[in-house]
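S.K.: Chain by chain, the residues run as shown.
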Amino acid sequence: MTAQNVFQIILIIVFAMLAFVVIFPRSGTRGTAIRRLVSVLLLLAGIVLVVFPDWLTAIANLLGIGRGTDLLLYALAVVFVGHLIASKQNQVERNRKFTELAREIAISEATPAGEAGSRLVAEVKQLGPAPAPNPAPDTER
Amino acid sequence: MNEDTWLVVPLYNEGTVVGDVISDARRTFPKIVCVNDGSKDNSAEVATNAGAMVVNHPINLGQGAALQTGLKYAMNDPAAQYFVTFDSDGQHGVEDASRMVQRLRTEPYDVVLGSRFLGTKVEAGALKRAVLKAAVGFERMTTGMKVTDTHNGLRALNREAVGKIRIRQDRMAHGSEFLREISKNKLRYVEEPVHIIYTDYSRAKGQSVWNSVNILADLLFG
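Each protein sequence line maps, in turn, to chains E and V.
Residue 121 in numbering that gives the first Met the number 0 sits at position 122 of the first sequence; the count goes up by one each step and never skips.
Residue 200 in numbering that gives the first Met the number 0 sits at position 201 of the second sequence; the count goes up by one each step and never skips.
Hints listed in this document are in silico derivations from the structure and should not be mistaken for laboratory results.
Each residue gets a CB set at the ideal place from its N, CA and C atoms; glycine is no exception.
Keep in mind that the hints are not guaranteed to be accurate.
Unchecked claim - The list that follows gives simulated cross-link-like pairs (lysine-lysine, DSBU-like), each with its CA atoms no further than 30 Å apart:
| id | chain 1 | residue 1 | chain 2 | residue 2 |
| --- | --- | --- | --- | --- |
| 1 | E | K96 | V | K163 |
| 2 | V | K183 | V | K132 |
| 3 | E | K124 | V | K183 |
| 4 | E | K87 | V | K183 |
| 5 | V | K163 | V | K132 |
| 6 | V | K185 | V | K163 |
| 7 | E | K96 | V | K127 |
| 8 | V | K145 | V | K127 |
| 9 | E | K96 | V | K183 |
| 10 | V | K145 | V | K132 |
| 11 | V | K132 | E | K96 |
| 12 | V | K127 | V | K183 |
| 13 | V | K185 | V | K132 |
| 14 | V | K39 | V | K183 |
| 15 | V | K163 | V | K183 |
| 16 | V | K163 | V | K145 |
| 17 | V | K183 | V | K145 |
| 18 | V | K145 | V | K185 |
To be verified - Rough simulated footprint, nothing fancy, chain V against chain E, three-plus residues with beta-carbon under 8 Å:
| id | region |
| --- | --- |
| 19 | 89 to 99 |
| 20 | 105 to 111 |
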């Protein structure tokens with residue numbers, strides 16, 4: 000294996016880790032911190048590559064990709080899709096919290112079940128025997 | 000009269016039929032909670048007048064959410080031992096529900112699931128039957144549960160089952176989630192043949208095949 004191949008593998012692994020971090024955000028202190036660090040690193044990388052655009056081409060060639068801009072495009076696609084997925088997960092989580100909140104309101108506004116249950120049972124007992132069902136319609140013509 | 004049982008009825012714009020459903024059911028199941036899921040019509044009023052306890056969602060959340068709210072509400076009644084999820088549109092039979100609860104009392108099960116395909120009475124159209132059969136296969140693959148009818152809203156559960164089950168799917172994917180929760184919590188379940196009454200009313204408003212796409216998306220993506 001040539002040095003180039005080794006470098007390729009390393010860079011692919013780095014890319015995969017980046018994708019993983021972006022796609023599966025972990026909540027909590029560690030997750031937030033990791034995401035912040037990655038964002039800062041990406042920002043720094045971006046600045047460096049603007050100052051030294053040749054580096055982008057060099058890295059792309061190492062990976063076997065033709066142009067630096069292609070590499071940028073792939074990286075952008077990964078980050079974008081990852082963001083979409085993370086965003087959707089966030090939305091799902093938020094919706095769940097919202098539902099729980101609405102549920103609490105609904106239940107707290109209603110008569111407690113024990114009390115309501117007793118009342119309903121008493122009401123039905125007072126109804127008396129069921130009314131006779133309607134006689135079947137005359138089917139003879 | 001089942002005084003230890005609550006009927007949990009999700010309610011959304013069924014003002015025209017829910018009154019009859021409740022007045023009929025209450026003689027067997029006096030404790031009925033209707034979860035009004037943001038109905039735009041007079042459903043809540045009709046349900047209350049017919050003799051149900053109405054719990055109001057502040058906004059429309061979905062049938063799954065309404066069921067979970069109703070179950071959580073009913074669990075607060077210390078006298079409640081059994082719970083039946085029951086539709087508000089007249090598709091479910093009180094007799095069937097009664098039999099299912101009786102099975103919970105006498106047999107070693109936590110959940111009794113209604114099935115259209117165990118008995119001989121199947122009234123659904125051919126396409127709908129085909130889609131339901133596909134859902135059965137999917138269910139068997141993903142949860143290992145051997146169920147003949149995966150989207151039947153008539154279910155009887157005991158207190159232990161309701162205590163362990165958490166329905167997080169707000170909308171129509173709750174059917175599959177129920178089964179996953181049963182499987183996950185290793186609850187003892189059995190199927191009971193039931194007769195679903197497809198009236199013109201319910202056929203017109205029923206779950207379209209398109210909805211299956213949405214349900215699948217809900218299950219896969221959140």
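S.K.: The structure should be examined with respect to each hint, and the outcome stated for every one.
M.R.: Hint-by-hint comparison with the structure:
A threshold of 30 Å between alpha carbons decides the hint, and for K96 of chain E with K163 of chain V the separation of about 19 Å falls inside it, so the pair holds. With a C-alpha separation of about 22 Å, the suggested pairing of K183 of chain V with K132 of chain V holds against the 30 Å cut-off. For the hint pairing K124 of chain E with K183 of chain V, the CA-to-CA distance comes to about 40 Å; that exceeds 30 Å, so the pair is violated. Our distance criterion of 30 Å between C-alpha atoms is met by K87 of chain E and K183 of chain V, whose separation comes to about 25 Å.
A threshold of 30 Å between alpha carbons decides the hint, and for K163 of chain V with K132 of chain V the separation of about 28 Å falls inside it, so the pair holds. For the given pair, K185 of chain V sits about 10 Å from K163 of chain V by alpha-carbon distance, which is consistent with the 30 Å threshold. Taking the CA atoms of K96 of chain E and K127 of chain V, the gap is about 34 Å. The hint is violated against a cut of 30 Å. A hinted pair counts as satisfied when its Cα atoms are at most 30 Å apart, and K145 of chain V with K127 of chain V qualifies at roughly 20 Å.
A hinted pair counts as satisfied when its Cα atoms are at most 30 Å apart, and K96 of chain E with K183 of chain V qualifies at roughly 22 Å. Taken as a hint, the K145 of chain V and K132 of chain V pair is honoured in the structure, with Cα atoms around 12 Å apart against an allowance of 30 Å. For the hint linking K132 of chain V to K96 of chain E, the alpha-carbon distance of about 34 Å lies beyond 30 Å, and the restraint is violated. Taking the CA atoms of K127 of chain V and K183 of chain V, the gap is near 28 Å; set against the 30 Å cutoff, the hint holds.
Taking the CA atoms of K185 of chain V and K132 of chain V, the gap is near 24 Å; set against the 30 Å cutoff, the hint holds. For the hint pairing K39 of chain V with K183 of chain V, the CA-to-CA distance comes to about 36 Å; that exceeds 30 Å, so the pair is violated. Restraint check for K163 of chain V and K183 of chain V: satisfied, since their Cα atoms lie roughly 10 Å apart, inside the 30 Å limit. Distance hint between K163 of chain V and K145 of chain V is fulfilled; the C-alpha atoms sit about 20 Å from each other, no more than 30 Å.
Pair hint K183 of chain V plus K145 of chain V holds up; C-alpha atoms about 14 Å apart against a cutoff of 30 Å. The hinted pair formed by K145 of chain V and K185 of chain V meets the criterion: a straight-line CA distance of about 13 Å does not exceed 30 Å. Given a C-beta distance limit of less than 8 Å, the hint that chain V covers the region 89 to 99 of chain E holds, as 5 residues qualify and 3 suffice. With 6 residues having a Cβ less than 8 Å from any Cβ of chain V, the region 105 to 111 of chain E passes the three-residue criterion, so the hint holds.
In the structure shown, a violation is registered for the earlier hints numbered 3, 7, 11, 14, in ascending order.
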